[in-house]
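**Student:** With the sequences and hints as input, model every part of the structure.
Listed here are the chains, written in short residue letters.
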Amino acid sequence: MTRPTSNAAPPRRALDQTDERLRQSEGVAGALASFVRSMRAGDVGALPVIIGLVVICAIFQSLNSVFLSSGNLVNLTLDSCAVGIISLGIVCVLLVGEIDLSVGSVSGFSAAVVAVLFVRHGWNWILACVVACAIAVAIGLLFGVLLTRFGMPSFVSSLAGLLAFLGLQLAILGDQGSVNLPFDSTLVGFAQLDFVPAWLSYLLAGLAALAVFLAGYETRLRRRKANLSARSINALIVRSLALLVGLEAFFWYLNRSRGVGWMVVFFVALVLLLNYGITRTKWGRSLLAVGGNVEAARRSGINVRNIYLSAFMLCSLLACVGGILAAGRLASANLSSGTGDVNLNAIAAAVIGGTSLFGGRGSAFSALLGTLVIASIASGLTLLNLDSSYRFVITGLVLAVAVAIDSLARKSRASHGRA
Amino acid sequence: MDTMPQVSPTNRKTALLSMRGVTKTFGAVNALTDIDLDVEAGEVVAIVGDNGAGKSTLVKVLAGVHQPDAGTITFDGSPVQIPDPSAAIHLGVATVFQDLALCENLSVVDNLFLGREISPMRLDETGMEVKAWELLQQLSARIPTVRIAIASLSGGQRQTVAIARSLLGDPKIIVLDEPTAALGVAQTAEVLDLIERLRERGLGVVMVSHNMEDVRAVADRIIVLRLGRNNGEFDAVSVTSEDVVAAITGATDNVVTRRRDRVAGSREDAPAGHVVPTEESTDKGEVR
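For the record, the sequence lines run as chains A and B.
Per the working numbering, residue 654 is the first one in the first sequence, and the count goes up by one each step.
Per the working numbering, residue 13 is the first one in the second sequence, and the count goes up by one each step.
I should point out that these hints are in silico values taken from the structure, not numbers from a laboratory.
Each residue gets a CB set at the ideal place from its N, CA and C atoms; glycine is no exception.
Heads up, a few of these hints could be off.
Covered, in the sense of this in silico footprint (three residues per stretch, anywhere, with C-beta under 8 angstroms from a C-beta of chain A), are these stretches of chain B [claimed, not checked]:
no., region
1, 89 to 103
2, 116 to 122
3, 133 to 141
Below, a list of computed lysine-lysine pairs in the DSS-like style, where the Cα atoms sit at most 25 angstroms apart [claimed, not checked]:
no., chain 1, residue 1, chain 2, residue 2
4, B, 143, A, 878
5, A, 878, A, 935
6, B, 143, A, 935
7, B, 143, B, 184
**Tutor:** Dropping the structure here:
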């Protein structure tokens, strides 16, 4: 070619943009346009739950101005953690198209194990936690084996587990029925009293935004190098900046009161870790494949049995961790730990957040967002001095709306030819 | 059946895969009895037969889903066992089942690399996408974007993705179970084109089909199964449809043969040119 390249030669299309049927979208405007397009097609993602969260906050704030105060938000974030972590486990089993109804009992049972070993028998708290986690993993393994070896539906096996482990919890706690954890213990401190220093919280927010930017930039470089289309650099900057400003503002607001709890950081770290596991590892891809089409997954050479086992084990493990943190938050393990609405809140949170009950669709963030919705409702109604009857009714309604939105979105996706 | 123009299996020495005397029973039912099958590299072998002829069982034996009760399978000159599906893939026999076995909730790239992702702990999405495009372009597949979920694709596109996926393991033989069933005209042509390209790549293709037109369009040899037994092997270029249909149905007295006899008879009686043997002429016209 003798023609100078700068001279209006048509830009070479990226490898994945060669088909003339594809719509081209570039830059920030293009990113926005394609976002709107996928929304209209029913690929709503996390938007409904975010809108729902905003609406809930607006309603409660108008009814009681304490709701959005720093102090209440700090409490709200701390309250979300235990159920949120249990809900993360639920996301794992929902992704493979199964369910675990025993998470509440397992969390209460684990809390009882830790409390009894730690307080009554004087064990090291770390050792007590490790033992509780090991037992929980064994419980998950049991559910998995019942499903994969005996073909027992997880709905039934975990329902049996719900009763059995509740019984074990009562047996372990004994006649006294309650074990108080000492206030100066690390566990209670972690769940109630320890907060991230203000400077560190701002630094963490900055690092998070930087990480998002760098990861996006690296992906962009790699895709450009491979001649694939890539997200525009401006869209990336806008995203990272929005995250930076949002997080810093949120942390600043929380820091006006007690601040960001270490438990919250731990919860968010677990969410990010699980999100990485689901989206960026072979294991996560296998979870989605098993949830989408078991037979296809099996024929692709995926060890379906191990995937089921891993999902149930992780679910029970996370239920155990959530139960221990709940005990720390209350500074006690008692007969009511993990009972009542813990089970259903954890499942409802995952579903409200957008994880499909039928497997193959969902994300770790759905546990985070769904838990925030449920915790907001609980917190708001407590501030209004309404008793738990209202809380159950309203949480139930929100769950129904969330599932209805999911069903409508699924229909829309089907008619727009999306999965 | 002795009158059929058969090609003796023993004439072929270079077969990549050969089955000899393969037998499979399910309880009291002999699904396969003494089946012989040879597949060479760069050859399309069509397996045809009526319902219950044992086509699917044969495919499942090749794929390692079922194990034969008797008989030998030789691959690349050495006797082999295919105890499970992964052994078949390891051997170099890739099977695309009729139900395709794709995850509709996952994208084209995800499905292509399912079970053999690049760098399992930190998925190399870019690398997989590039490879997916290369593969699809080699097959001249018309898929607009590989980041789209399988649910959005047409039947032909799904078949293409399923075939492309089976090629990723670098197989020597690819087994297609009813690849054109439930496809439209254009999509069928697309898949048949794809089969031609597989042959050009030097792959041995085993194609199970009901559709005689599709079989005659791409196959080199036609193997007829009837009630679990070999019932004739034909050169796809020279054979007539009636011969194949006769072998499939196993009957010398059916509507096809009766009409052929009628036509042949009337040709002898009538002066040349008066009777146009339509069936014969259309069939001859199709022979290449």
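**Student:** Would the pair residue 143 of chain B and residue 935 of chain A pass a check requiring their Cα atoms to be no farther apart than 25 angstroms?
**Tutor:** With Cα atoms ~17 angstroms apart, residue 143 of chain B and residue 935 of chain A stay inside 25 angstroms; holds.
**Student:** CA of residue 143 of chain B to CA of residue 184 of chain B, is that 25 angstroms or under?
**Tutor:** holds (19 angstroms)
**Student:** Just to be careful, I want the Cα atoms of residue 143 of chain B and residue 878 of chain A compared with a cutoff of 25 angstroms; is the pair within it?
**Tutor:** Within the cut-off at roughly 14 angstroms; holds.
**Student:** Per the coverage rule (Cβ-Cβ under 8 angstroms, at least three residues), is the region 133 to 141 of chain B covered by chain A?
**Tutor:** holds (count 7)
**Student:** Three residues minimum, CB to CB under 8 angstroms: does the region 89 to 103 of chain B make the cut for coverage by chain A? Let me know.
**Tutor:** Per the Cβ count (3), the hint holds.
**Student:** Going straight from one Cα to the other, do residue 878 of chain A and residue 935 of chain A come out at no more than 25 angstroms?
**Tutor:** holds (24 angstroms)
**Student:** Do at least three Cβ atoms from the region 116 to 122 of chain B come closer than 8 angstroms to Cβ atoms of chain A?
**Tutor:** That given contact holds, which follows from 4 residues of the region 116 to 122 of chain B lying within Cβ reach (below 8 angstroms) of chain A.
Comparing the model with each earlier hint shows no violations; every hint is respected.
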